[in-house]
Every structure is written in C-alpha cells, then in structure tokens.
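Keeping their order, the protein sequence lines are chains A and B.
The working numbering numbers the first residue of the first sequence as 821 and each following residue consecutively.
The working numbering numbers the first residue of the second sequence as 14 and each following residue consecutively.
I should point out that these hints are in silico values taken from the structure, not numbers from a laboratory.
Be aware that one or more of the hints could be misleading.
[Stated by the list, open to error] Here are the computed lysine-lysine pairs in the DSSO-like style, where the Cα-Cα straight-line distance is at most 27 Å:
id: 1; chain 1: B; residue 1: K124; chain 2: A; residue 2: K994
id: 2; chain 1: B; residue 1: K15; chain 2: A; residue 2: K952
id: 3; chain 1: A; residue 1: K945; chain 2: B; residue 2: K15
id: 4; chain 1: A; residue 1: K969; chain 2: B; residue 2: K124
id: 5; chain 1: B; residue 1: K274; chain 2: A; residue 2: K1050
id: 6; chain 1: A; residue 1: K835; chain 2: B; residue 2: K274
id: 7; chain 1: B; residue 1: K124; chain 2: A; residue 2: K945
id: 8; chain 1: A; residue 1: K908; chain 2: B; residue 2: K15
id: 9; chain 1: A; residue 1: K1140; chain 2: A; residue 2: K1064
id: 10; chain 1: B; residue 1: K15; chain 2: A; residue 2: K949
id: 11; chain 1: A; residue 1: K969; chain 2: B; residue 2: K15
id: 12; chain 1: B; residue 1: K274; chain 2: A; residue 2: K900
id: 13; chain 1: A; residue 1: K1019; chain 2: A; residue 2: K994
Please read all numbers here as calculations on a predicted model, not as lab measurements.
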Amino acid sequence: MIEMVNINKAFRVAKRQSGFGNAVKAFFSREEEVIHALDDVSFKINDGEMIGYIGPNGAGKSTSIKIMCGVLTPDSGVCKVDGRIPWKDRVAHVSDIGVVFGQRSQLWWDVPVIDSFELIRDMYKVEGKLYKQNLEELTTLLDLSELLKTPTRSLSLGQRMRCEIAASLLHSPKTLFLDEPTIGLDAVSKIAVRKFIKKINTERGTTVILTTHDMQDIEALTERIMLIGKGRILLDGSLEELKKSATERKTLVIEYKGVSLELCEGMTEIDAKEGRCVISLKPSVLSVSGAIAHLAAQAELLDVSVTGISAEEMVAALYKEYNI
Amino acid sequence: MKTYLSVFRIRFIATLQYRFATLAGLVTQFVWGFMEILVYAAFYKVNAAAFPMEFSQIVSYIWMQQAFLPLFSLSFWDWEFSDAIESGSISYELVRPVDLYGRWFFQAAAKRLARVMLRCIPAFLVAFFLPEPYRMVLPPDFVQLLLFFMSVLLALCVVVAFSMLMYISVFYTLSSRGTKLVVGLIADFFAGMVIPLPFFPEALQNVIRFLPFAAMQNMPLRIYSGNIAGMEAVIGITLQVLWIVILLMIGKFTIRRALSKVVVQGG
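Same shape as in the complex, but just chain A:
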C-alpha cells in the first residue's frame, strides 16, 4: 500500500532573460525562482491497483514517482510504501519495487542485454530458479528471445523499451512504477506492452502506477485515474467518472440519403455535408434513441455511429477546465 500525506517539494530554478547584457548580469547575481513541483499532495493506493497518473508536462508526475521510489526527498510530508519511508529505508524499499523511466536506460550500452539482466539479478539477489522462471516468462511475453544476445546500442527504441520493462520485473517486484513506458513506440509495440502490463497486474497482482501522455494507454489499462496539475492532485476517480464530469455530450455521425436534415432541441450541428452530418447531442435533453428516431423520420439513414468523448478530448477538456 502506498500512502502520500501532504507531500511538498520545491525546486529552485535559475532564470534569466535572453541576450548578452542579461547573461553578464546573471553572471554576478542570479535570479532564482522557486517552483513548487508538488503542493500538498495526498493520496492512497491499495495493493493490486492499476493507476493512471496523468497531467500536462511539468505537472509533478515524475517528481511524485521519484519520491515514491526513494530517489528524491520531499521537503515535507509523509510518504509510506508498505510501511517504509522510501528515502530513509531506500535499500530495503527498492528491492520490492520495479521502475521504468521511459526517457532513460538501465541497460548497459555496449554489452548484450542478457549481461545487464544478470547484473540486475545479482544486484537484487534474485534466486537462480526464480530468475530463470521470470526470464523465460518475460522472454515469451515480450518476445525477447532474439534481443537478449544483442548489445543494447543495436536495439531499436521499441525493442529496447521491451527489454527495459523486462529488466524491471526480473526480481518480481510488488509495485511497478512506469514513467512514460510507451514513449516513442510504434502501434504494434504499444499494444504488446499494454497487454503485458495488464497481464502482470491481473496475474501477479502487481500494483502498477503509470504516467503517460498517451490516452490510449490510460483507456486500455487503468480503472483509476489521478490528474495532477501545477503540483496538486485535481481529480481522483475512475475513467468513466472523469469522462462524465468532463462532459456528458455524445457525438452522432449520420450518413443518410437526402439533401439535409432538420435538427431539434438538444442537438448541435458540428459538421454537415450532403449525405453526412456530425451532431453533438446532449443526452439530458434528448435521448440517443429519440434523436435517431427524429432523424430517421426525415430521411433514410445509411449509417449511424454514436461515440462518447474520447479520453484524449476529455483530458484536453480537463486541462482547460482546471486552467493547467
């Protein structure tokens, strides 16, 4: 179980205007700005949960992950992971967690991947039998058999990321932190990685905390979402709840035979061409079936599709709503 209570973390960042004069001035006296990366952040994550941690760039996602991993020390507040304070009890704490920092690499650049895996095995003191079992399982699930003997530098980004994820799971961690694990992956790799994360979560009961900018990741994976912006937790709930709170509108795409359609109350036209019409619908005013019945009475409908708001739009709407 992870518990964060009133965590604060601020960084000092040196700032200056562009130009030679300002550079000289900054040489003698530097202006510093204090940035509150985390501002009174509190939440609780239970064992076996899968959390999507979202927010715009610079919102404090990585900072909170690093605090939970024991890499950073917060300025104030209490953080406990399985009863341990991560940065105080670092060595004991990190043996139980796995971390993937999507923008960095934990594999040795010049040697085959398997050598890095063996180093990790020894660092975490993973028993020979367990290591073999984990390695076999991960190799099959992530399709690594061809990659293990290749030096890291010769791998493509997607291949490397699959190896990175495997490397973080060799010691069967109880909690897995994934900081942008699908960054830069192609569609096939993304789907493979997502499937795999889901499997680890359901089969091993591993708690997964995932930060991402890819809303499809969130949609495919997580039930619970935490939205952070400007260092504060703004929303914490299920994807459906968030969607509801973001907006309740539905989008209707209609293809029909005829010249034009007459709309009634509760419908707004977004786009209209001859034979095709996109309508935004407010279900509280007019139900979906009512809307279709209204339209079907006017023309022969060839194709009707009803969609809710996409996760992508929802997040954009949320960012806008909270002004972050």
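Place chain B on chain A using the hints.
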C-alpha cells in the same frame, strides 16, 4: 559481495568491447615510454651521479608506469558516473538495492583493471626483451616483489577512493570538465606521473610524502624498482592503508550528504 563482483564483471566485459581503443593506447604508451627513457638517458650520460635514482630504476619506473597507466592515472575519467549525475540517469542507480558508493567504487576499479590487463601483458613482453640499458628488470628479491603486489592493490584503492571524491563533486558543480582537468593534472603531477617524486626539491618532497598522492603510483613503482625497500616500504604501505581509510570515510560521508539533496536533472 556477489553484487560487487557482478558489477566488476560487467564493467570488465564492457571494457573488452573496445579493441581499437586498447591497441591505440598500447602504441601511444610505447612511443611515450621510449621518449621519456631517451630523455633521461641523455641527462644520465652527462652526470649519472647527480640524480636520486639509478638509471635502471628509472627505466623500470617508466615501463611500469606506462604499463599501469590506466590503473593509476587520475586523468582517466570515468564518464559513466559524471554522465549519470549530469543527465539525471542517476535515478536508475538510486532504485537499486545496492550501496551507491560501493557499487561505483567497484565499477571504477574494474574499468581500470580491465584496461590494464589488456595492455600490460604486451607492454611487459616488449619491455623485458629490449636491449640492455632500456630493458625492464625484475625487483631485487622475492620479498620486494611481494611488497610490490600489495602496494599495487593498495595504490589502486587510493586512486579509486580519491577519484570517487572527484565524481561526487559533480553533484555540486553539475559539470565535470573543470574538476577533471584541474584536479586530474595537479594530482597526477604530485603523484609522480610527470617526473618521479625523488626528483622533486627536498623541501617539497617532505610535504608531498604525507599527501594522498604519494600513496598512489609512487609507492608500488619505487618499490618495484628497489628505490624504496625494507622498513621504508612497510611504512609506505601503512601510509597507503591510512589514506584508503580516510578517503573512504570522506567519500561515504559526502555522497550521503549529496544524495540527501539530490536533484535529478532533465525531468
């Protein structure tokens, strides 16, 4: 301990990947070693009695120094550590259940040892079969050889413990260039990399003797050549042990302080 051996192993393997770097280093060292010996030969021809070391001792010192260059030089900078700090990939180092100081210590030592092992064998082969005055000779007796081996190991520890302080300083300076250049050069100079310490003015020698730099290559190389022997060698080795303890303590203390307020660069 197994963890550290494993770190040692992977660093060793990774270093073996650079074949041409090794070859290039080897050639450079031969050329450099020859040049140095020729310069000394010219000086000794004028007046051999004016110098504090015998010519054969100088020859052994130089060949040994060239063969062991990567082991003892403080200008050999391990970019892995400073890069980790500068780029922020230190995050990964910190999520390992391993003491960071210990891990880096072994990794740095392994890199130096791997480089030396690749270079010293061909270097010795040639140096032992050169014509007379330029040939490297074995130490005067077996005890001396034994003391030499002990001293090499200790000197490596002093060098690594000292370089750890240089790496840790990057936590504060955020750039490694200055430290590498300035401290590397000064330390190498006082360690006897440019000219052996006995050639320094007497007054200066009396100070340097008690600095950590004198506990580096100076000790094993002079023990090998027989320039330091017997009781003097035992005292020298004791000083080496003392410096290892002191440098380890400072290093452990400073890295703990640095990590408690670490800021990860680059998000």
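Comparing the hints with the structure gives:
This hinted pair does not check out: B:K124 and A:K994 have alpha carbons roughly 34 Å apart, beyond 27 Å. Simply put, B:K15 and A:K952 have alpha-carbon atoms about 18 Å apart, close enough for the 27 Å limit, and the pair holds. About 9 Å separates the Cα atoms of A:K945 and B:K15, which keeps this hinted pair within 27 Å; it holds. Under the criterion of a C-alpha separation no larger than 27 Å, the hint pairing A:K969 with B:K124 is consistent with the structure, at around 22 Å.
Straight-line distance between C-alpha atoms of B:K274 and A:K1050 comes to about 22 Å, which keeps the hinted pair within the 27 Å bound. As the CA atoms of A:K835 and B:K274 are separated by approximately 21 Å, the hinted pair is consistent with the 27 Å bound. Taking the CA atoms of B:K124 and A:K945, the gap is about 23 Å. The hint holds against a cut of 27 Å. Proximity of A:K908 to B:K15 is assessed by CA-CA distance (about 24 Å); at most 27 Å being required, the pair is judged to hold.
Of the supplied pair hints, the one linking A:K1140 and A:K1064 holds, its CA atoms being roughly 16 Å apart against a limit of 27 Å. Our distance criterion of 27 Å between C-alpha atoms is met by B:K15 and A:K949, whose separation comes to about 17 Å. A C-alpha spacing of about 23 Å is found between A:K969 and B:K15, which places the hinted pair at or below 27 Å, so the restraint holds. Taken as a hint, the B:K274 and A:K900 pair is honoured in the structure, with Cα atoms around 19 Å apart against an allowance of 27 Å.
Restraint check: the Cα-Cα separation between A:K1019 and A:K994 comes to about 14 Å, which is no more than 27 Å; the hinted pair holds.
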